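Visitor: First residue of the sequence shown? That's 3 in this note's numbering, and the numbers climb one at a time after it.
Mixed in with the good hints there might be a few duds.
[Said to hold, decoys possible] Here are the simulated lysine to any residue pairs, SDA-like style, with alpha carbons at most 25 Å apart:
(1) Lys205 x Asn169
(2) Lys253 x Phe37
(3) Lys220 x Gln162
(4) Lys79 x Asp39
(5) Lys35 x Glu76
(6) Lys83 x Ser23
(7) Lys134 x Arg101
(8) Lys220 x Lys253
(9) Lys83 x Ile151
(10) Lys225 x Glu213
(11) Lys224 x Asn203
(12) Lys201 x Ala155
(13) Lys161 x Ser184
(14) Lys253 x Pro78
(15) Lys95 x Tyr128
(16) Lys161 x Lys134
(17) Lys21 x Asp39
(18) Lys21 x Ala129
(19) Lys86 x Val104
(20) Lys161 x Asp48
(21) Lys229 x Asn203
(22) Lys253 x Met210
(23) Lys220 x Ile159
(24) Lys229 x Pro163
(25) Lys161 x Phe235
(26) Lys126 x Lys205
(27) Lys205 x Arg153
(28) Lys21 x Phe116
Don't read these hints as lab results, they were simulated from the structure.
The structure displayed is predicted, hence computed values, not measured ones.
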Amino acid sequence: MKNKVINLFDNAAKNDEVKYSELLHSFMSPFEKDFPDYFEIEDVYDFAINVWNIGNIAQNISPKEKKELLFDPEMPKELVKVHKELLNSKLEKFSQYPRFIVDFSIEEDNEMGFDLVVSTGNEKAYANSLRKRFEDQIDDNADFEDSYIDRYAVVLIPKQPFIDWINEIYPDENTTLNSKESNVYLVNNSFKDMEAWLKRNYKMFFMMELEDWSSDKKDWPKKQTYKMFQQWFSVSTSNLVYDIEQYPVSKE
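Working from the sequences, and respecting the hints, build out all of it.
Guide: The following block contains the structure:
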């Protein structure tokens, strides 16, 4: 990691009031070495602040809502562990500090190395900062050329026959799927007729969907026709795919 933040506040002025810049450093520093090497100092604090604010929200919602809040299927695997540990630290050691961190800046100081400044507020101020951040992100990406991915996206949404098949092979589980659990496939964007391409390649998608639920091909329907594929899945496609995240895409 570039610009290590160890001893960032060794010479910071002390007073009787709570300084959220010092709290943030104490909160983050035990986990500093757990971040990927490609994280800059700003990335580390941005990540830690996000977890801090999530921890504040998690203290005031139901267990079900908390589970939904904390589950992020798009988080890179190398960050899942540090996210969990940071969150546990916030809930166990810093729960008495309820203010949200809505902004921060890091300035180089010739004497102290770095000077961290944070702005805090209530939940409303935090919500407003999220909205502004989203709007700024859209503005920054107004020209999406650099974020464009040369792939088509194929989204498969399960229909009832597919759910019925799952319940047949797992009779003790009452499976309910919805569009939030759809699989997305990125495919070559060189062809012009998506329908014709799908007719030629549907079986690949069909087999991958079946494989998700059972690796035993004896459980699969014997004839996976295109007509059956249409009966089991709704298909939506997009020829415009953008990646506006800062983390590199991981591929297994």
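Visitor: If a hint holds in the structure, say so; if it doesn't, say that too.
Guide: Hint check results:
{"no.": "1", "hint": "Lys205 x Asn169", "verdict": "holds, 22 Å"}
{"no.": "2", "hint": "Lys253 x Phe37", "verdict": "holds, 19 Å"}
{"no.": "3", "hint": "Lys220 x Gln162", "verdict": "holds, 21 Å"}
{"no.": "4", "hint": "Lys79 x Asp39", "verdict": "holds, 14 Å"}
{"no.": "5", "hint": "Lys35 x Glu76", "verdict": "holds, 22 Å"}
{"no.": "6", "hint": "Lys83 x Ser23", "verdict": "holds, 24 Å"}
{"no.": "7", "hint": "Lys134 x Arg101", "verdict": "holds, 19 Å"}
{"no.": "8", "hint": "Lys220 x Lys253", "verdict": "violated, 29 Å"}
{"no.": "9", "hint": "Lys83 x Ile151", "verdict": "violated, 28 Å"}
{"no.": "10", "hint": "Lys225 x Glu213", "verdict": "holds, 15 Å"}
{"no.": "11", "hint": "Lys224 x Asn203", "verdict": "holds, 18 Å"}
{"no.": "12", "hint": "Lys201 x Ala155", "verdict": "holds, 16 Å"}
{"no.": "13", "hint": "Lys161 x Ser184", "verdict": "holds, 11 Å"}
{"no.": "14", "hint": "Lys253 x Pro78", "verdict": "holds, 10 Å"}
{"no.": "15", "hint": "Lys95 x Tyr128", "verdict": "holds, 21 Å"}
{"no.": "16", "hint": "Lys161 x Lys134", "verdict": "violated, 38 Å"}
{"no.": "17", "hint": "Lys21 x Asp39", "verdict": "violated, 28 Å"}
{"no.": "18", "hint": "Lys21 x Ala129", "verdict": "holds, 22 Å"}
{"no.": "19", "hint": "Lys86 x Val104", "verdict": "holds, 21 Å"}
{"no.": "20", "hint": "Lys161 x Asp48", "verdict": "violated, 40 Å"}
{"no.": "21", "hint": "Lys229 x Asn203", "verdict": "holds, 13 Å"}
{"no.": "22", "hint": "Lys253 x Met210", "verdict": "holds, 17 Å"}
{"no.": "23", "hint": "Lys220 x Ile159", "verdict": "holds, 23 Å"}
{"no.": "24", "hint": "Lys229 x Pro163", "verdict": "holds, 12 Å"}
{"no.": "25", "hint": "Lys161 x Phe235", "verdict": "holds, 5 Å"}
{"no.": "26", "hint": "Lys126 x Lys205", "verdict": "violated, 49 Å"}
{"no.": "27", "hint": "Lys205 x Arg153", "verdict": "holds, 19 Å"}
{"no.": "28", "hint": "Lys21 x Phe116", "verdict": "holds, 16 Å"}
The structure is inconsistent with the numbered hints 8, 9, 16, 17, 20, 26, although it conforms to all the rest.
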